[in-house]
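Protein chains: 2
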Amino acid sequence: MKLIIKNGRVLLFEKDKAVVKKVDIGIENSKIVQVGEISEGFGADKIIDANNMLVMPGFINTHTHLAMNLFRNYADDMLLQDWLTKKIWPLEKKLTAEAVYWASVLGIAELIKSGVTGFLDMYFFVEETIKVALETGVRAYIARGLTDEPLGMEFQLKETKELYRKFDGKDGRIKIFAGPHAPYTCSPRYLKKVKALADELGIGIHIHLSETRQEVNDSIKQWRKTPIKHVYDLGIFERPTIAAHCVHVDDDDIQILKECNVSVAYNPTSNLKLASGFAPVEKMVKAGVNVSLGTDGASSNNNLNMFEEIHLASIVNKCVNNDAVSIPAETAIKMATINGAKALGVDGELGSIDVGKKADIILIDLNKPHLCPLHNPLSAVCYCAQASDVHTVIVDGKILMENYELKTIDLEKAMYNTARCAQKLTGA
Amino acid sequence: MKLIIKNGRVLLFEKDKAVVKKVDIGIENSKIVQVGEISEGFGADKIIDANNMLVMPGFINTHTHLAMNLFRNYADDMLLQDWLTKKIWPLEKKLTAEAVYWASVLGIAELIKSGVTGFLDMYFFVEETIKVALETGVRAYIARGLTDEPLGMEFQLKETKELYRKFDGKDGRIKIFAGPHAPYTCSPRYLKKVKALADELGIGIHIHLSETRQEVNDSIKQWRKTPIKHVYDLGIFERPTIAAHCVHVDDDDIQILKECNVSVAYNPTSNLKLASGFAPVEKMVKAGVNVSLGTDGASSNNNLNMFEEIHLASIVNKCVNNDAVSIPAETAIKMATINGAKALGVDGELGSIDVGKKADIILIDLNKPHLCPLHNPLSAVCYCAQASDVHTVIVDGKILMENYELKTIDLEKAMYNTARCAQKLTGA
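Residue numbers (this note's numbering), protein chains in the order written: chain A, 1 to 428; chain B, 1001 to 1428.
Among the clues, some could well be false.
Stated by the list, open to error - Derived list of chain B stretches under chain A, where covered just means 3 residues or more per stretch with a C-beta under 8 Å from a C-beta of chain A:
id, region
1, 1077 to 1091
2, 1274 to 1280
3, 1301 to 1315
4, 1410 to 1418
What the hints assert, rightly or not - Residues from chain B that face chain A, not an exhaustive set, calculated with beta carbons under 7 Å:
id, residue
5, TYR1074
6, LEU1106
7, ASP1323
8, PRO1328
9, GLY1356
10, PRO1369
11, CYS1372
12, SER1379
13, SER1388
14, ASN1403
15, TYR1404
Since the hints were made in silico from the structure, they are not lab data. Even for Gly, the Cβ is constructed at its ideal location relative to N, Cα and C.
Please model the complete structure; the sequences and the hints are all you need to start from.
As structure tokens, then:
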């Protein structure tokens, strides 16, 4: 299958600098094979006319819990502890594979419609989420959530191992991570076991770290060190690690993250909505820490819209740093693309439009009132664009959405079944 | 003309509390005449089926500069002073009536498409903006920007007076405000003249106040008082006043705002993007100050999307106040509707769906993946909904957008001409 995207304005990273150029893109099977003028006789099976479109790498959502779509708008404007203990946890105990399946279909529909081509998910019944990713064509990085439940410990590790054997590398789109939930839900003994498993399988680790002030205070009380120092001392960071949140990190924490090449999945909406705090993003970026973006789950966001995360990453940090130049559009867009690929250890294959990389590409429709006039396409993406401007989405060289129409998902069915499953859980 | 909106979930404010009920709405000419079961023999000319829609009062954008759409994405990620002196002001000197006309058409298209039924604009060549409002059917509150330019002083006041004579009350949709730009661009002598004019015409005042720390520091240095105390002492607040921004206000300032019934037009995106600061919104709300929402102009936002302002008003203040319960969805939605009407002194006529009020109503399409499941419609509006979910917009009983289609604006023409005028200004 050969595909050409022509006449578009293309967002390229040239020597790490974002530039927008009028070039055409040649795709063969899953890969980008030409960028520039397409060679004569390329013989495309299909030509996409990207006139008046911005062509850019798909977004990579590096922290989410897709199935929490079930709890979207179910419990808001509540204190964190009440939210978790009275609302979310009781429902999660009643979760079924079917509910996770449909919420994953809906979640992936929402991701595709907002320009996301790959995501890192941590949850339960993840085999369902993997199934949906395989069916719908999106790229999925999956961590079975691991917590120190009585009796659950060995079982969860075994499940991770089985998921790895069964799915890692499947269709070139699935990758398994070890997913210890957090140091406050996993004992040191368990974390060491997780690390040993990750070593054995040669996989990365995804973990929540330093999300709230309370978590850090508790850690210092219990272990006499911050959560980051705590898991560092347990050897977690010897594996490639993506740490979600990192809101309350001190200079020593940042030094550890940098030295250990730990990537931070920053979730601005969730951090704001749960009143977790303002992550010191500029400080981490300046220290050389790789910061990527995530939406977190729909129960704390409450959508899965990476445009909102890009927007907030830029404007919130400007205000926090009292500096209108902080986290410019280019930096925020990189967080959502190439930095996501770096976080997942796949920046050789993904995150930018370059010959040899996988064709995970989105087309943004510039023919919108809120994007006119188009003085600066990077500003347009960061400060103006909406999920609803995503016109076409390509993953692994296959078109998953074209002219706003999902090609691999029956959206009505997904909405109907997710609502049905949610109703069953909440008893509403 | 009689219109019925039926089968919708309708957002009502009952005894100040937001509730969502399945009721029908009967509209006769410009007014809502029935809410509930429509009486037999009502004899509608048209019935709108709002099945699977949320029907709510249109948003009121209480601070914008529509024509700054010309400078959208033209100058971002810059220091405020450079932005103003090197980029914005030089272009504003070259503004033409034609440019303002087309940018106003584009701006109003953007407003309608994001559910805004009325707006308060402060700028130059405002007669063009008024013309467009009259042509397109939207509700417009207009302040000719007043600054202490040499020779310009008397002329600007005369223009305000002429605008008032010519347009105030026109078609029941235009209202003129006096628009002294700010205390740092208007001398006390000028502010007194503005106040005298507002007294003479019996109109309200719209002014920028305490937007930046610098402004407050300069005011204290020059006048030994805050900008708010300064204009209070000059008598400005004896007129109904809408003060934009009020980011850096102290307890005494808040007390003055409350006692003088000054409304605050809070502009979260602009405040964040320009690194102006975090306005003490919760404190003002608790003190009883009426806080409404604005987008500011597209050069500092960079769109005119009230959904983003509602979202930010809620989530940013939660984080600032370290309290996930701060500014709940209901409060943020009121800021965008009934509080906007209060700010403009028209809450007897607008801002809620009640018998006797003007029919300024929007329909939000709930059949979207990011709004499913619909556990809570208020949360859905505040935390999930997008401008692109606005399905139908009614102003003054007339349909300005139906099934996503603008009825009074040629969007392609507006975009083409705005881009053309912007190009002429920037020379790009």
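Index of numbered hints that the structure contradicts, given in increasing order: 9, 14 and 15
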